[in-house]
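What follows is each chain in one-letter form.
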Amino acid sequence: MCSLCGILGCDDHWTNAVDRPGVYTRNADRQQRRADATQRIAAANRVLSFRRLSLAEWQGRSYVLSTATGATTIFDALSHLWPEAEAMATRGFDPLDPALIDWVAAR
Amino acid sequence: MTPVTLLTGFLGSGKTTLLQRLLTDPAMAQAAVLINEFGEVGLDHDLLDRIDDNVVLMKSGCICCTVRGEVADALMNLQSLRDRGEIAFDRVVIETTGLADPYPVLQTLRAHPVLRSHFNNGGVLTTVDSVNAASQIAHRAEAVRQIAAADRIVLTKTDLADPGDVLALCRALARVNPTAHVVTSDAPTPQIVGALDVGLIPDDIPDTASHEGHHHHAHTLNEDLGVVTFSLTVDQPVDWTNFGIWLTLLLHRYGDRIFRVKGILSIAGETNPVAIHGVQHLVHAPVHMTRWPKGPRTSRLVFILEDIDPDLIRRSFAAFMKLDDVRAVA
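Protein chains in written order, with our numbering: chain A, 1 to 107; chain B, 1 to 330.
The hints are simulated quantities; they were obtained by calculation from the structure and are not laboratory data. As the structure is a computational prediction, the values presented were derived from the model and not from experiment. Watch out, some of these pointers could steer you wrong.
[As the list claims (entries may be wrong)] From the structure, some residues in chain A lie toward chain B, with a derived Cβ separation under 10 angstroms:
(1) Arg20
(2) Gly22
(3) Asp29
(4) Arg40
(5) Trp82
(6) Ala87
(7) Thr90
(8) Pro98
(9) Val104
[Stated by the list, open to error] Quick list of simulated restraints, FRET-style, between CB atoms:
(10) Ala105(A) with Arg84(B): 31 to 41 angstroms
(11) Thr38(A) with Leu312(B): 38 to 48 angstroms
(12) Asp19(A) with Arg291(B): 18 to 28 angstroms
(13) Ala35(A) with Gly226(B): 21 to 31 angstroms
(14) Gln32(A) with Ala111(B): 23 to 33 angstroms
(15) Ser62(A) with Ala88(B): 20 to 30 angstroms
(16) Arg91(A) with Ile87(B): 50 to 60 angstroms
(17) Asp19(A) with Asp90(B): 18 to 28 angstroms
(18) Arg20(A) with Ile87(B): 41 to 51 angstroms
(19) Ile87(B) with Ser49(A): 37 to 47 angstroms
(20) Trp58(A) with Ala318(B): 10 to 20 angstroms
(21) Val18(A) with Leu160(B): 15 to 25 angstroms
[To be verified] Non-contacting residues of chain A with respect to chain B, defined by C-beta distances greater than 12 angstroms in every case (computed):
(22) Thr15
(23) Asn45
(24) Arg52
(25) Gln59
(26) Arg61
(27) Ser66
(28) Ala71
(29) Thr73
Here a beta-carbon is modelled for each residue, glycine too, at the ideal position from N, C-alpha and C.
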């Protein structure tokens with residue numbers, strides 16, 4: 001269950017949209033879905049490493065976010081990634097912060 | 001899925017008059033209408049000729065504050081009446097108060113666990129008053145937000161305004177929201193009703209290079225409010241994963257100052273483009289288009305922002321789009 005909204009199993013984030021006519025999704029095929037999820041976790045981790053956080057998938061169903069000191073939190077939907085990450089890090093993630101832009105570009 | 005069209009527009013811009021006219025069209029015979037009013041006594045529903053079970057008045061206050069409960073309750077009530085066979089409707093129109101921010105309604109439709117299975121976003125239709133809009137755009141953030149959120153704009157009271165002023169207003173509207181299509185309220189009813197069927201597929205997203213014949217990337221709309229529109233054009237195919245991470249983070253952080261993001265993307269590995277629509281923190285389900293619209297086959301995103309430096313967005317976008325290059329090395 002998501003700790004923010006209390007809704008069970010709600011990962012219908014727009015990046016991972018449902019397979020519906022007219023909607024762009026990579027959610028239709030199992031292999032593609034796995035490849036996409038792996039890629040998404042890797043890309044998110046590049047950004048999260050700016051605040052020494054790391055993200056992993058749990059049972060292909062939920063996400064586990066960890067700090068460098070081992071604190072963890074679990075959530076179901078990608079829409080909760082950044083609120084959860086900001087709650088765990090002492091400072092936020094600002095995509096327009098030149099330091100974060102340089103971090104992402106340099107690594 | 002039943003489309004829900006949001007009819008918004010500043011105070012006195014002619015929403016109810018337009019709705020009254022639309023409801024006389026046979027294409028609207030099966031429309032359910034929700035009217036939100038500010039104040040103790042509702043007036044607008046009395047102005048509508050067609051008062052029946054399909055017209056619901058919500059009068060407990062401004063839609064921005066009450067929307068989560070009241071709009072959701074009203075829509076669920078309509079749905080259960082339909083399930084019981086007591087009423088029939090094929091679309092819903094929600095008329096907001098004149099000061100409403102359209103975002104909470106869209107967010108309610110998207111996030112509500114029951115509503116999102118039955119209703120989808122049928123687009124935002126904004127009425128703009130030809131006589132007063134220029135001053136409203138200059139002084140009222142609500143007016144800018146309503147125009148920014150629009151998929152279609154209906155220009156009202158053109159008969160009362162100087163033609164030169166109307167032309168200037170059209171240019172101003174194009175700067176506030178270059179992606180919205182403008183029709184005048186004296187257009188034939190089918191054309192206006194057609195504006196309700198906007199869907200979410202853009203038929204044209206302006207290209208930066210050709211915008212107003214010069215190469216500026218950003219336009220300041222209102223110096224007092226710090227509202228700027230700018231477009232981002234990308235020649236290379238966009239990686240969907242990187243884009244998703246970037247836009248999700250950007251809207252998480254700045255959604256209250258990004259009134260609108262709309263565009264088409266050339267996604268790596270896809271032949272046809274994908275349309276993206278965001279209003280503040282909300283991104284609608286991406287639309288897989290069946291063909292490229294007119295214009296060059298490059299990714300184009302139009303942003304309407306308040307107090308954000310477009311150059312930082314451009315730099316941020318460029319950096320985040322290389323997340324997958326980094327992964328290949330790691």
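Okay, the hints, checked on the actual structure:
1. Arg20: At 7 angstroms from the nearest chain B Cβ, Arg20(A) passes the 10 angstroms test, so the hint holds.
2. Gly22: holds (6 angstroms)
3. Asp29: Cβ of Asp29(A) sits 13 angstroms from chain B, so the hint is violated.
4. Arg40: holds (5 angstroms)
5. Trp82: holds (4 angstroms)
6. Ala87: violated (12 angstroms)
7. Thr90: At about 16 angstroms, which exceeds the 10 angstroms cut-off, the nearest Cβ of chain B leaves the hint on Thr90(A) violated.
8. Pro98: holds (8 angstroms)
9. Val104: holds (4 angstroms)
10. Ala105(A) with Arg84(B): 31 to 41 angstroms: The hint (31 to 41 angstroms, Cβ to Cβ) is violated, given that Ala105(A) and Arg84(B) are roughly 58 angstroms apart.
11. Thr38(A) with Leu312(B): 38 to 48 angstroms: violated (30 angstroms)
12. Asp19(A) with Arg291(B): 18 to 28 angstroms: About 21 angstroms separates the Cβ atoms of Asp19(A) and Arg291(B), which means 18 to 28 angstroms holds.
13. Ala35(A) with Gly226(B): 21 to 31 angstroms: violated (42 angstroms)
14. Gln32(A) with Ala111(B): 23 to 33 angstroms: With a Cβ separation near 26 angstroms, Gln32(A) and Ala111(B) satisfy 23 to 33 angstroms, so the hint holds.
15. Ser62(A) with Ala88(B): 20 to 30 angstroms: Cβ of Ser62(A) to Cβ of Ala88(B): about 41 angstroms, so the range 20 to 30 angstroms is violated.
16. Arg91(A) with Ile87(B): 50 to 60 angstroms: holds (52 angstroms)
17. Asp19(A) with Asp90(B): 18 to 28 angstroms: holds (24 angstroms)
18. Arg20(A) with Ile87(B): 41 to 51 angstroms: At 26 angstroms between Cβs, range violated.
19. Ile87(B) with Ser49(A): 37 to 47 angstroms: Given range 37 to 47 angstroms: violated, Cβ gap about 55 angstroms.
20. Trp58(A) with Ala318(B): 10 to 20 angstroms: violated (32 angstroms)
21. Val18(A) with Leu160(B): 15 to 25 angstroms: violated (47 angstroms)
22. Thr15: violated (3 angstroms)
23. Asn45: violated (9 angstroms)
24. Arg52: Arg52(A) clear of chain B: closest Cβ-Cβ about 16 angstroms, beyond 12 angstroms.
25. Gln59: Holds, since 21 angstroms exceeds 12 angstroms.
26. Arg61: Check passes; 18 angstroms lies beyond 12 angstroms.
27. Ser66: holds (18 angstroms)
28. Ala71: Answer for Ala71(A): holds, closest chain B Cβ roughly 21 angstroms.
29. Thr73: Since the minimum Cβ distance to chain B is about 16 angstroms, Thr73(A) lies beyond 12 angstroms and the statement holds.
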